[in-house]
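Input sequences plus hints: build the corresponding full structure.
Number of protein chains: 2
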Amino acid sequence: MNKIRIAIDAMGGDLGPQVVVEAAVAALEEKNNLFLTIFGEEVQIQAALNGKSYDQERLQIVATTEVVSNDESPTGAIRAKKDSSLVRALYFAKEGKADAFVSAGSTGGILTGGTLILGRIKGIKRPALATFFPTRKEPILILDIGANVDSKPEYLHQFAILGKAYYNGTFPKTNIRVGLINNGAEAHKGSALTKAAYELLAADKNLGFVGNIEPREIHSGNYDVAVCDGFTGNMILKYAEGLSSMIFSETKAAIMSNALSKLGGLFIKKSLKQMAGKFDYKKYGGAPLLGLETLVVKAHGSSDALAFKNAIYQCSRFLEADITGEIKRMLADAE
Amino acid sequence: MNKIRIAIDAMGGDLGPQVVVEAAVAALEEKNNLFLTIFGEEVQIQAALNGKSYDQERLQIVATTEVVSNDESPTGAIRAKKDSSLVRALYFAKEGKADAFVSAGSTGGILTGGTLILGRIKGIKRPALATFFPTRKEPILILDIGANVDSKPEYLHQFAILGKAYYNGTFPKTNIRVGLINNGAEAHKGSALTKAAYELLAADKNLGFVGNIEPREIHSGNYDVAVCDGFTGNMILKYAEGLSSMIFSETKAAIMSNALSKLGGLFIKKSLKQMAGKFDYKKYGGAPLLGLETLVVKAHGSSDALAFKNAIYQCSRFLEADITGEIKRMLADAE
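Heads up: the protein sequence lines correspond to chains A and B, in order. Just so it is clear: in the first sequence, position 283 is 705 by the working numbering, and no numbers are missing. Just so it is clear: in the second sequence, position 222 is 644 by the working numbering, and no numbers are missing.
No lab work stands behind these hints: they were computed from the structure. The reader is advised that the hints may include incorrect statements.
All copies of an identical chain are treated as equivalent in the list; a pair is satisfied when it fits inside any one copy or across any two copies.
[Unchecked claim] Pairs of lysine-lysine, DSSO-like flavour, derived with a Cα cap of 27 Å:
no.: 1; residue 1: LYS559; residue 2: LYS684
no.: 2; residue 1: LYS611; residue 2: LYS674
no.: 3; residue 1: LYS504; residue 2: LYS611
no.: 4; residue 1: LYS544; residue 2: LYS516
no.: 5; residue 1: LYS547; residue 2: LYS516
no.: 6; residue 1: LYS559; residue 2: LYS544
no.: 7; residue 1: LYS627; residue 2: LYS692
no.: 8; residue 1: LYS611; residue 2: LYS691
no.: 9; residue 1: LYS574; residue 2: LYS695
no.: 10; residue 1: LYS519; residue 2: LYS425
no.: 11; residue 1: LYS595; residue 2: LYS750
no.: 12; residue 1: LYS700; residue 2: LYS504
no.: 13; residue 1: LYS474; residue 2: LYS611
no.: 14; residue 1: LYS519; residue 2: LYS474
no.: 15; residue 1: LYS684; residue 2: LYS674
no.: 16; residue 1: LYS684; residue 2: LYS660
no.: 17; residue 1: LYS559; residue 2: LYS627
Bear in mind the structure is a predicted one, so any value in this text is a computation, not a measurement.
Put into C-alpha cells, the structure is as follows:
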C-alpha cells in the first residue's frame, strides 16, 4: 500500500490538541503507511506527546502561533492569520507535501480556506460537505450538510455526482440509489429550487436518480445518496442531534421514574447501548468537503480521540479508493 | 358560552367518514355548545351514524357527491369540483353559517380552497400552517409547516405575528419567546432568506423576538414560537416523524433481541408508553391555517376518531380565545 500523508490541524477541536495528538499516535500504531504532520502550538503538542512512544519518522510537528476560531469571519481570518494551524496546514497540502487535510475546527474556516487555498476540481461550481447517517439498513450519505446555505439547481446536480463517487468509493455496491430531499414524494412537489433540481437530476441518465425522498423516508434505508441545499442539510444534521438526544433523555427519565422500570432498565441496558451505538457520529469519522483538488475532512467540533482517529482513517480510505479520480471521471461522463 | 358552529369535511381523511362521524358524535356529547355540519357522501355518513344517539338539533348532514383528493391539482380541483365536501363546506362557512372549517383532506386543497374561498385577513400576505411540537418543557409552535414552500422575509415576519397570537390564545403566558429557525445561533448566520427575515424580526420591538433557533435547540423548551419558511417547516414535521419512528422501532428491536432485555422490557413498558404519549400528534389536534378571515384547521391525514375530535376542540378553543381578533389587533400595532 502507498504512503498516505495527512496534514492535521491540532488547534480546531473543542477538546484541544491533546485528543488530536492521541488520535494521531494511535493511528500511526495501527496503520503503518500513514505519515502525519501536526500543525499547532508546539508546547501543547509536545506536552501531549510526552511519554508516548511512536514512530518519529512518520510524525512531524510544525509549530504555528495563531488559531482560526469559530466566531470570526472565515475569509478575514484566512487572510489575516497566515501563521494559523489551519492556513499553514492547507498550504502544506497545496505544496504537495500532504495528500489530505483534516481539522475539527471552524466549518466556515475549513470551507473557505480549503476552497481558496486548495482549489476546486475543474468544472465543480461549489464543493459540498457530505456525511453518513444511520438508517434501518445501510447508512445514507447526505450532502450538502452546510457548505452552501444558498444553492442553485445545478449545484444540487453536481452534489449528486460528488456524493455518488464518494459512496461508490466507500461501499462496494452497484446500483447506487440517488434521491432528492423534498417536501413530497411526487415529481411535481417542491420549492422553486427542488423542482428545477429534479429536472436536472432526472435528465442525467448515468446518475441512478430514483426521485424525491420525503423527509420521513430519509432513515428508511431505501436510498444511498440524498442531495439537498446546505441549509436543509445542516437543518437535518442539527435537528437529528437535537431530536434524538431529547428522545434518549426522555426514555432514560421514563425508565428512572419508578422502581419497577428502574429494574427493567438494568436488564435492557446492554441492548440499548448497542442500539445507541448506531447513532454515534464518532464511528463515521468526519465529513469530507467533496469537489476540491486535495481532500479536506471536517471532523466534528467535539471529536474525542476515537472520533478524530476515525477522521484520519477516513482520509486514508478516501485516498486509497481514489475518490477524487472517480469524481473527475464522472464529471467527464456527465459533460 | 356562545354557540360554536363548525363545518366538517368528512371525506378527507385516510380512514374515511366513519372516524369523522364518530369524532363528531363524541364531541357533541362532551361539549353542549357545539353545532356541527358534516359534508360528505350521505350513504356513508348515515351508515356511520346508524345506532348512535346524539342531539339531532346540533348535527346536520349536507350530502355532497365529489371528493378532492391528494393527487390532483388543488386549484383545478377547487374550481372543477363544486359539489365536493371541501368546496361546499368552505362556502357554507363563507356564507356565515359556520365559524370554522375542519378537514383531514389534501393539504393543497385545504390551503388553496381556504385562501380562495374564505379570504385572507386584510394585510396578511400569506396564511401559514402552524402546529405544536413537544419539547423537554412546554410545547413549541412551529410555522409555516408547509403552506408556503417558497417564502419571502416579510412572510416570516408575519408568521411570527400569527404564531404569537395563536400561542397567546392557547397558553396563558406572558413573555412569549419568538425565534427564527436558522442554521446557526449567531445573528449573522443564515441563508439570504433567514438573514433578511432576522432583520425584520429584530426591528419589530413588540414581537418578543429572541434571535435564531439552532435546529438542535427546537426541542429544548427554551422557545415558544419558531418561524421558518414552509419548506423547512414541512421538513421538520416529516423528518421528526421518520426519525422518531426509527428510534422507537430500533429501541423495541433492541429490547426484543434477548431474553433478559425482553424481561426488562416488560418492566419498563408502562413508563415508556407514557413517555411515547408526549410524541403523539393526536393530542395536539390539527394545524390551523393562520391568517384567514374564517378559521380553517387541517387535521392529520391519518387522524383516528380521537385525533379528529381534538381537531374539533381545537376549533372551539381557537374561537373562544378570539385568536383572529388578536391577529388583527397585532397587525394594527405592527403597522
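The hints, checked one at a time:
For the homomeric pair LYS559 and LYS684, the shortest alpha-carbon distance between copies (23 Å) is at most 27 Å, but the shortest distance inside one copy (31 Å) is not. Proximity of LYS611 to LYS674 under the C-alpha cut-off of 27 Å is found in neither arrangement, the shortest distances being 39 Å within a copy and 34 Å between copies. Taking the shortest alpha-carbon separations for LYS504 and LYS611, only the inter-copy value of 25 Å comes in at or below 27 Å, while the best intra-copy value is 47 Å. Taking identical chains as interchangeable, the C-alpha atoms of LYS544 and LYS516 lie at most 27 Å apart only when both belong to the same chain, with a minimum of 16 Å there against 59 Å between chains.
Taking the closest pair of Cα atoms, LYS547 and LYS516 come within 27 Å of each other only inside a single copy of the chain (20 Å); across copies the shortest separation is 51 Å, beyond that limit. Proximity of LYS559 and LYS544 under a CA criterion of 27 Å is satisfied in neither setting, with 35 Å inside one chain copy and 50 Å between copies. For the identical chains of this complex, LYS627 and LYS692 are neighbours neither inside a copy (46 Å) nor across copies (52 Å), given an alpha-carbon limit of 27 Å. Proximity of LYS611 and LYS691 under a CA criterion of 27 Å is satisfied in neither setting, with 43 Å inside one chain copy and 40 Å between copies.
In the homo-oligomer, the alpha carbons of LYS574 and LYS695 never lie at most 27 Å apart, since the shortest distance is 41 Å inside one protomer and 44 Å across protomers. Taking the closest pair of Cα atoms, LYS519 and LYS425 come within 27 Å of each other only inside a single copy of the chain (12 Å); across copies the shortest separation is 79 Å, beyond that limit. Proximity of LYS595 to LYS750 under the C-alpha cut-off of 27 Å is restricted to the intra-copy arrangement: shortest distance 19 Å within a copy versus 58 Å between copies. For a Cα distance limit of 27 Å, the shortest separation of LYS700 from LYS504 qualifies neither inside one copy, at 40 Å, nor across copies, at 52 Å.
In this homomeric assembly, LYS474 and LYS611 never come within 27 Å of each other (Cα to Cα): the closest approach is 57 Å inside a single copy and 41 Å across copies. Within a single copy, LYS519 and LYS474 get their C-alpha atoms as close as 25 Å, which meets the 27 Å cut-off; across copies the closest is 82 Å, which misses it. When the C-alpha separation of LYS684 and LYS674 is checked against a cutoff of 27 Å, the pair qualifies both within a copy, at 9 Å, and between copies, at 17 Å. Taking the closest pair of Cα atoms, LYS684 and LYS660 never come within 27 Å of each other, the shortest separation being 31 Å inside a single copy and 32 Å across copies.
When the C-alpha separation of LYS559 and LYS627 is checked against a cutoff of 27 Å, the pair qualifies only within one copy, where the shortest distance is 26 Å, while the shortest distance between copies is 49 Å.
Of the numbered hints stated above, those contradicted by the structure are hints 2, 6, 7, 8, 9, 12, 13, 16, listed in ascending order.
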